[in-house]
Amino acid sequence: MASTEPPAAVTPPSSKPNLLPLASPTIITPSAAASVAVAPTASSSSPATPSVATPRPIPSDAEVFHIPSYSCWFSLGDISECEIRCLPEFFDSRSPSRNPKAYKYIRDSIVKQFRRNPSSKITFTEVRKTLVADVISIRKVFDFLDAWGLINYSPAALNKPLKWEDKDSKSSQHAADSPAGPSLDSTPPVRETSKRLCGSCKSVCSIACFASDKYDITLCARCFVRGNYRVGLSSSDFKRVEISDEMKTDWTEKETLQLLEAVMHYGDDWKKVAQHVGGRSDKDCITHFIKLPMGEQFASSAEFGSSINKLNQMKDDNNISSSSSPSKRLCLSPLADASNPIMAQAAFLSALAGTGVAEAAAQAAVTAVSEMGQGEPKADIRSLHGVQGLQDASITSNGSDVLKSVEEAHSGVNPKPEEKKVNVEEVEEEIRRVAEVQMKQIQEKIVHFEEVDSQIEKEWKQMEQMRDILFYDQLNLLKHERAIRKSGQQAAEGVRTQGDYVS
Amino acid sequence: MKPLPSTSSKTPVKFRMPTSENLVPIRLDIEVGGQRFKDAFTWNISDPDSEVSVFAKRTQKDLKLPLAFATQIAQSIQTQQTEFRSYKGQEMLTGEKIVPIKLDLRVNRTLIKDQFLWDLNNFDSDPEEFSKTFCNDLGIEDPEVGPAVAFAIREQLYEIAIQSVATARESRNAKKGRRGEYSSISRSTGAALDLMKLFSNRYSGVRKRKEWDVFEPMVDMLSNEEVEKWRDLEEA
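Respectively, the protein sequence lines represent chains E and U. Position one of the first sequence corresponds to residue 1 (the working numbering), numbered consecutively onward. Position one of the second sequence corresponds to residue 1 (the working numbering), numbered consecutively onward.
Only chain E is shown next, with the shape it has when bound in the complex:
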């Protein structure tokens, strides 16, 4: 007689629970219903109303189950391709007890048993004690469901690596756990520190990194995007930290003044500028100069789009791409679904550059690509206009140089990197021109609207006239009608009297 006694679950299984979509990366699939997510009920299972073919709003006491987005093919009603692929032994009729019906029985029982108490993990042994089948079949189905997150899955475990990333994440987890401590001992939470090492891939964080103050972990942008952090952390725990040489020491006013003087004197010769400033490399000078708030927002984003390559030729060590305002701290939620390498790249780049900049880049690239080859310098100005107001980078000699060189590039002439002079007035003129053009645009629009307005008035008057005419016609009609009626009556009377007279 069997006499082992694990805890018995005796409640009748609830019929067809409702599944709902959640924000990525987990999805709760709808079995039949539409909207609003309800907090998952961990305790008592009130039986859900049976699902109907037409979508209905879910009643407030319905059950909600979370499954990961890569398992959205699952449905209790039937067997999907995925299952047939992963568990072929149930579908190839090699053994009589392993058939689709048995598979469905095992699978549905396991899932229902888990869903009776979704907050706690269900073990294989618990399950196999309650199923009438051989234990190995049960184990296979159980492992399958477990791997795909259809059981023993809770939204809190969001950062568990996908099963095919297991090897990857295991090694990085080991790395993350141990160096996270020592690497951060040397880097206090304050930003002005020396090189930062990424906790998981142990590379020097160069451009941007993500730090979690809560757990004291630093990750480079790549690791952050790929999700190589410890279980239990979520992407929102991390804050983006810009790393540029700028951050290490702030520019004093004196230094800034020296820089400006030097630039006025030496123009494009950054080496001399650096010498003049003293204590800063030429790279530093360039970056700081660009970031100086000169109040102009113009053409700085010419580096994006079609001319980015030309720019790179001209200034090979210009860190414009990383020079989004240092005070910006972006909280990014990277694409966790980094299995697509292209998306991972895009995510990485956007994580580096920040959302605003990335948007601008995308827009500009699209416009520039579509207008490339038309040979119109105006096209670039337009696209530049379109990207205005996104960065605080100053208009510099580089700015005007870029504009000129872009025009030249379009007409096929190679720009010469060394010929430009600093001319602040030229820049101001350009800005004036731009402002004028915009004013003209606005004026034209006003005129246009006035015209439209007067036209509308005319039409209105016409309509009134027509209305009057119509009214007049109506009156006439009525009059005639009355007259006719009267004459009709008279005629009728006349006939009668005549009739009397005759007879």
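Hints listed in this document are in silico derivations from the structure and should not be mistaken for laboratory results. These numbers come from a predicted model, not from an experiment. Keep in mind that the hints are not guaranteed to be accurate.
In the SDA-like style, the derived pairs of lysine to any residue whose C-alpha atoms are separated by at most 25 Å in a straight line are [claimed, not checked]:
#1 U:Lys132 to E:Pro100
#2 E:Lys140 to U:Ser50
#3 E:Lys101 to U:Glu51
#4 E:Lys101 to U:Phe130
#5 U:Lys57 to E:Lys254
#6 U:Lys61 to E:Arg116
#7 U:Lys64 to E:Asn152
#8 U:Lys132 to E:Ile79
#9 E:Lys140 to U:Lys102
#10 E:Lys140 to U:Val54
#11 E:Lys140 to U:Pro143
#12 E:Lys104 to U:Thr133
#13 U:Lys88 to E:Glu89
#14 U:Lys132 to E:Leu76
#15 E:Lys121 to U:Ser53
#16 E:Lys104 to U:Pro143
#17 U:Lys132 to E:Arg115
#18 E:Lys112 to U:Pro143
#19 U:Lys61 to E:Pro96
#20 U:Lys61 to E:Ser120
#21 U:Lys132 to E:Lys283
#22 U:Lys132 to E:Gln438
#23 E:Lys104 to U:Val54
#24 E:Lys254 to E:Asp282
#25 U:Lys102 to U:Val54
#26 E:Lys140 to U:Ser53
#27 E:Lys140 to U:Lys132
#28 E:Lys112 to U:Lys64
#29 E:Lys283 to E:Glu253
#30 U:Lys64 to E:Ser120
#31 E:Lys121 to U:Asp39
#32 E:Lys104 to U:Lys132
#33 U:Lys38 to E:Asp282
#34 E:Lys104 to U:Ile140
#35 E:Lys101 to U:Ser125
#36 E:Lys104 to E:Asp143
#37 U:Lys61 to E:Asn152
#38 U:Lys132 to E:Asp143
#39 U:Lys57 to E:Cys86
We have chain E already, so just place chain U on it with the hints.
Same frame as chain E, but now just chain U:
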């Protein structure tokens, strides 16, 4: 149950479980360091042997038993597996065997007593199906009853199969001496009943009234104290 395949009742058949699949009942009764672990389940003999250790490890982990259990469990399963396989090449006589299967088990709070007839010749029979239907029809709520019933049936079928191997061997030896004594052999095995005897009432297949009680399933729910009593009885 599905209709009989056309096997002649007298030819010996290779040993196997008289069910649609070669599923073997495995019983575990392991004691390590004062802890006793008893279990019973169905095992698919055609699965690779690697499954044994995986299963043992899994069970030990899920039930949070000490590590020593894993090896013991694996060993026990393997022994029973080998035992089953040792019968493999041999023949068994099935004859026209309709055997009574008795259920007399306690699963948690549910007490089950039942008796029914099973056709040994029907190699398509499925104790699992029977058990599922049994639980559904009697409205048994405890999900652990199902596997226990299926297990009990299989165990008895297994026993009978082993016995029939033994008798087949005997008959072969006996054949060397005597000839044409098949019918006596099949009659001599106590478990089998002759079809004719069974349906002594020639005009209908319905059982006699006085036998109804014997063949009726009885399901009882026990209270806590009774459960304790039963448990003590079993352990003793």
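*Has the given pair, lysine 88 of chain U with glutamate 89 of chain E, been kept, meaning a C-alpha gap of at most 25 Å?*
holds (23 Å)
ask   = Taking 25 Å as the top limit, are the C-alpha atoms of lysine 140 of chain E and proline 143 of chain U close enough?
value = holds (20 Å)
**Request:** Compare the distance between the alpha carbons of lysine 104 of chain E and aspartate 143 of chain E with 25 Å, and conclude whether the hinted pair is satisfied.
**Result:** The hint holds at about 15 Å.
- Would you mind confirming whether the straight-line C-alpha gap from lysine 104 of chain E to threonine 133 of chain U stays at or under 25 Å? holds (17 Å)
Has the given pair, lysine 101 of chain E with phenylalanine 130 of chain U, been kept, meaning a C-alpha gap of at most 25 Å?
Holds, at about 15 Å.
Restraint status (C-alpha distance of lysine 104 of chain E to lysine 132 of chain U at most 25 Å): At roughly 14 Å apart (the allowed maximum being 25 Å), lysine 132 of chain U and lysine 104 of chain E satisfy the hint.
Compare the distance between the alpha carbons of lysine 121 of chain E and serine 53 of chain U with 25 Å, and conclude whether the hinted pair is satisfied.
holds (23 Å)
query: When you check the alpha-carbon spacing of lysine 140 of chain E and lysine 102 of chain U, does it fall within 25 Å?
result: Outside the cut-off at roughly 32 Å; violated.
| query | Between lysine 132 of chain U and proline 100 of chain E, is the straight-line Cα distance small enough, at 25 Å or below? | reply | holds (17 Å)
*Please work out if lysine 57 of chain U and lysine 254 of chain E have their alpha carbons no farther apart than 25 Å.*
violated (72 Å)
- Message: For lysine 101 of chain E and glutamate 51 of chain U, compute the direct alpha-carbon distance and say whether it is at most 25 Å.
- Response: Holds, at about 23 Å.
Check: Between lysine 61 of chain U and proline 96 of chain E, is the straight-line Cα distance small enough, at 25 Å or below?
Finding: Violated, because 31 Å separates the two Cα atoms, which is more than 25 Å.
The structure does not agree with the numbered hints 5, 9, 19, 21, 22, 25 and 33 stated previously, though it agrees with the rest.
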